[in-house]
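Protein chains: 2
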Amino acid sequence: MDTRNPLFALMVERSNTAPKRLVAPGPTHEQLQLIFSAAAQAPDHGRIRPWRFVLVPSHKREDLGQAFVQALQMRDIQAGPAQLQAAYEKAFRAPCLMLAVLDKAPTQAEIETSERLISLGCAVQNMLLMAQTLRLGSGITSGKAMNAPSLRSLFQLTEHEQGVCFLNFGTVSTTKPARSRPVVEEFVSSL
Amino acid sequence: MDTRNPLFALMVERSNTAPKRLVAPGPTHEQLQLIFSAAAQAPDHGRIRPWRFVLVPSHKREDLGQAFVQALQMRDIQAGPAQLQAAYEKAFRAPCLMLAVLDKAPTQAEIETSERLISLGCAVQNMLLMAQTLRLGSGITSGKAMNAPSLRSLFQLTEHEQGVCFLNFGTVSTTKPARSRPVVEEFVSSL
Chain A
4 MDTRNPLFAL MVERSNTAPK RLVAPGPTHE QLQLIFSAAA QAPDHGRIRP
54 WRFVLVPSHK REDLGQAFVQ ALQMRDIQAG PAQLQAAYEK AFRAPCLMLA
104 VLDKAPTQAE IETSERLISL GCAVQNMLLM AQTLRLGSGI TSGKAMNAPS
154 LRSLFQLTEH EQGVCFLNFG TVSTTKPARS RPVVEEFVSS L
Chain B
4 MDTRNPLFAL MVERSNTAPK RLVAPGPTHE QLQLIFSAAA QAPDHGRIRP
54 WRFVLVPSHK REDLGQAFVQ ALQMRDIQAG PAQLQAAYEK AFRAPCLMLA
104 VLDKAPTQAE IETSERLISL GCAVQNMLLM AQTLRLGSGI TSGKAMNAPS
154 LRSLFQLTEH EQGVCFLNFG TVSTTKPARS RPVVEEFVSS L
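Those protein sequences? They're chains A and B, same order as listed.
Numbering of the first sequence is given in this note's numbering, commencing with residue 4 and proceeding in unit increments.
Numbering of the second sequence is given in this note's numbering, commencing with residue 4 and proceeding in unit increments.
Read the hints as simulated data drawn from the structure, not as lab findings.
The structure displayed is predicted, hence computed values, not measured ones.
The reader is advised that the hints may include incorrect statements.
Pairs involving identical chains hold if they fit within one copy or between any two copies, as the list cannot separate such chains.
[Claimed, not checked] When the alpha-carbon atoms are kept at most 35 angstroms apart in a straight line, the in silico DSBU-like pairs for lysine-lysine are as follows:
{"no.": "1", "residue 1": "Lys107", "residue 2": "Lys23"}
{"no.": "2", "residue 1": "Lys147", "residue 2": "Lys107"}
{"no.": "3", "residue 1": "Lys23", "residue 2": "Lys179"}
Produce the complete structure using the sequences and hints provided.
Below you can see the structure in the form of structure tokens.
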């Protein structure tokens, strides 16, 4: 493994940071532009750009918190105050929060959903790596609320759109031990 | 846009190369290990590693060509000799060819298919960027043959696995003009 390769070193040092460990300062406007510009370089078969991102600024976190609460109430009528509070608080972590949205609308070039998700995954990885090179931490979150009516409504998703995950960016408050990664032999074979 | 950022420059200079324009030499053994090691650094919620890669070495290209032919015959009984020949020849391009396989088997941590595809997309982007930094070209290919019985059988995919795309690596024979990329404002909004 060539640790003299700076790109590889960057990939290795990036790891997921839970939103509660992502604190201010978040990315500056310029850094955020660079993170999105990185996303724009993802492979995109048929040039359909089957994804978009919706930022959740500070003054909309309250709305997101309420949407999380409604989503929980809808799927668990028995959810108690502590659970509802926890769902609500999820909206207030990480200084920079956005929803990654997949577009599944039919296009002239027939690009399957799986390929569209690969394109989005490529865009996401570009964003995570860009954040890392800017010395910002990042975390991906998702969960059962992702496509609840309350969230779909808040983010004004069209019928063909799907909320895939939230991306969180900020300054890492406390680091965790490096996580182990799969060994190449585990996932590569040859015909 | 900060062009002094070397990571961004790398992302911009990478673009898809059609397999017919990827020629020998392909990646060395060491380079290929580094490309796969890059894949291993992808986000992987629940640590389930929901993907694997299967290389198609030179002596198996013939088998792949036959599988492409069978796949075409199965979906188009009227396919003529020229079409069948074209399908066959697709197996012989790019010095380094592999299938990216998604694993959808249920796991203890419930990770949805969309999240698994995001993880695979992240792994793929790491591989493409690593190839680029090694001065190798890369291309993603897919198509209707992807999950034809003949291909599933050749790659010994389990019932829970799905062939998502082929990855091609090699030396770029002829470059094409830089492709245009989406503008950030097109795909970013705020609540």
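Results for each hint:
In the homo-oligomer, the alpha carbons of Lys107 and Lys23 lie at most 35 angstroms apart both inside one protomer (31 angstroms) and across protomers (30 angstroms), since each shortest distance falls under that limit. For the homomeric pair Lys147 and Lys107, the shortest alpha-carbon distances inside one copy (20 angstroms) and between copies (18 angstroms) are both at most 35 angstroms. Taking the closest pair of Cα atoms, Lys23 and Lys179 come within 35 angstroms of each other only inside a single copy of the chain (13 angstroms); across copies the shortest separation is 45 angstroms, beyond that limit.
This entry satisfies every hint, going by the numbered hints stated previously.
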